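Chains E and C supply the protein sequences, listed in that same order.
If you read the first sequence in this note's numbering, its first letter stands for residue 1, the second for the next number, and so on.
If you read the second sequence in this note's numbering, its first letter stands for residue 1001, the second for the next number, and so on.
Bear in mind the hints are in silico, worked out from the structure with no lab data behind them.
On a predicted model such as this, the values are computed, not experimentally measured, just so you know.
Take the hints with a grain of salt, since some may be wrong.
Claimed, not checked - Each computed DSBU-like pair below joins lysine-lysine, with the alpha-carbon atoms no more than 30 Å apart: (1) E:Lys-96 / C:Lys-1308; (2) C:Lys-1201 / E:Lys-108; (3) C:Lys-1033 / E:Lys-122; (4) E:Lys-135 / C:Lys-1398; (5) C:Lys-1308 / C:Lys-1201; (6) C:Lys-1398 / E:Lys-136; (7) E:Lys-132 / E:Lys-182.
Each chain, letter by letter, is given below.
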Amino acid sequence: MLEIKNLKVKVGGKDILRGLTLDVPAGEVHAIMGPNGSGKSTLSYVLAGREGYDVTGGEVSFDGKDLLEMEADERAREGMFLAFQYPVEVPGVSNKVFLKHALNSIRKHRGQEELDAVGFLKLFRSKLKTVKMDKKLAGRELNSGFSGGEKKRNEILQMAMLEPKFAILDETDSGLDIDALKAVSDGVNALRDENRGMLVITHYQRLLDYIVPDRVHVLLDGRIVKSGGKELALELEERGYDWIRAEQGGAN
Amino acid sequence: MSAQLTPLAELRATADGLWQSNGLPSPKLEAWKHTNLRALQRVESKTGGTVATEIPSEFDAKIAAPLDGFAGTLLLVDGKLNLALSVIPDGLTVVDLADAAPEQLGTIAKLDRLQDGLTARNLAQFDRGVALSVTGHDVGAIELRYVQSSEDAAMATQESRLLIELARHAELTVVERHIGAGQFVNNHVTEVDLSAGAVLKHVRVQHQDTRSFHLGKIAVRQGRDSRYESHVAQFGAAIGRCDIEVFLAEPGASCKLDGLYHGQGNQHIDNHSVIHHIANNTTSSELYKGILDDKSTGIFRGNILIYKGASGCATTQMNRNLVLSEQATVHTKPQLEIDNDDVTAAHGATVGQLDDDALFYLRSRGIDAQTAHSMLVFAFAGEVVADVPVESIQTLLKDELARRLAARTGLTVEG
């Protein structure tokens, strides 16, 4: 579903991703773990289509299409979704109005009928329950004045509403207390589906107790250097990354 | 000779002298540094100044259809009151200035403070407009709708005047909508006199034809504990200039001046304000937001004067600008002049572009770039629109902004 081949990315002239290769088939949840500065956030932003990144090599195929050729909004309409590490506050834009615009532009692209206000609200209310989000909060201005946990829940609410083909969760666990972590994980797990792929980017193993991955990859210095099952996450938690660096044998 | 003149006639004679000697304000004056009236002068010299247009008898009554939430609507055609198509609510006294002018006219828009030929010209020459007064309690909202008799009429200058007087504890909401089509000059002076405890909410929506000129002066004198709220929305005219001068003359008086302006094409939109804190415990707040696109120019200049001996005053002033085009120009000058120590004051100005992170965030959810752009512009304007009295006017402002943004992007967006 998502095939990344030898992806090389520079930011401000500096090499960040140095030939990253990764294949996430539909129906699977893969985790990427790595220390600070290994390129995790760059990967998520490049896949979502943020400006300011120079792709200098490699390719990304999404559902058979060239992902890197598309604008950010086209990618979203094609079914790509990034749950932001730092969701952006947009004062003055209502959460609901925003989501209705987003949902209808995606529905239109899929050839589905656009939802009217009634249809939208019905769906909105049902999805609020799945992420255990306060109705009042959801009607406020987009992420404006939300706590860290509220912002993350709002990301998962958006994901539940938009039903993407593929979701990238960028450090979704950061800044969450245990209740919020559970609510967010439940929301994500409810969306696991044989037709949907997910990439969970995280610093800590903790999240993977709740969202259990099919595969775990280690990102180090802009490359996937080791892959394994979910037990690899536990090993990383215990031993850190130095042993992997040592395994690489000074290849860098 | 002058002893035989009434006070108003005398004022008008003085004003005429001032107009003859000063002429149109020139960019040499600090207050007109960024606004050049050469284009207006060129047009007026061709037509020889004031042209009085006749109101066609078959004038379309639809144009006077009232908006929701209004107790009354006054239709002003070429600045002249059309009584037949107007609805005047109980408790509101309306005097047609074409028939008689109250003696107090011209005393608030004080000539001695103004080196401004336009205000003088208006006082000397005005021959149309209305005086509104309320002596009882809240009359509700009334709309003054300024339209042109004909779009095809030759360039016409109209000198119109509006006087609003509220007696003690009277309340009124006045919405001026300047929506004239065609090429014309609207030199419009509004005077407001608020007695103790009176409350006036005053909205001006300026969406005149972009070939026209809007020169608006608003002068306000406030009595003890009175409240004046101004909401100026400027969308129209080739040159749209609005000057507000508020005299907080007695203790406890307060005012709020809000503004929203959106420039497109080559529009030149200019907002000036002066707030005089003359008495103790007077407060003011001011928030103007500008959106400048294409090659438009937006100007904000706000002066707040805290007089010596006026203790316990508080003021805030902010001008925020959103620049959507590299060729648009913003001039902003918030100014405080404080003559005593017992004051709370804050002021500032910002000039910025749309937030790239917010744009990306919206787009990452499937919203196309142009819609995302419009949503953020709406969000910027929302704060000032939400404070406008009468909901139908809020809707009208949102619709107008949406229409203008749609003209840019070819898309519509709901606020």
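Here's how the hints hold up against the structure:
1. E:Lys-96 / C:Lys-1308: Violated: E:Lys-96 and C:Lys-1308 sit about 51 Å apart, past 30 Å.
2. C:Lys-1201 / E:Lys-108: 44 Å, violated
3. C:Lys-1033 / E:Lys-122: Distance ~56 Å between C:Lys-1033 and E:Lys-122 Cα, so the pair is violated.
4. E:Lys-135 / C:Lys-1398: Satisfied, since the Cα-Cα distance of roughly 26 Å is no more than 30 Å.
5. C:Lys-1308 / C:Lys-1201: 29 Å, holds
6. C:Lys-1398 / E:Lys-136: Since the Cα atoms of C:Lys-1398 and E:Lys-136 sit roughly 24 Å apart, the hinted pair holds (cutoff 30 Å).
7. E:Lys-132 / E:Lys-182: The hint holds at about 10 Å.
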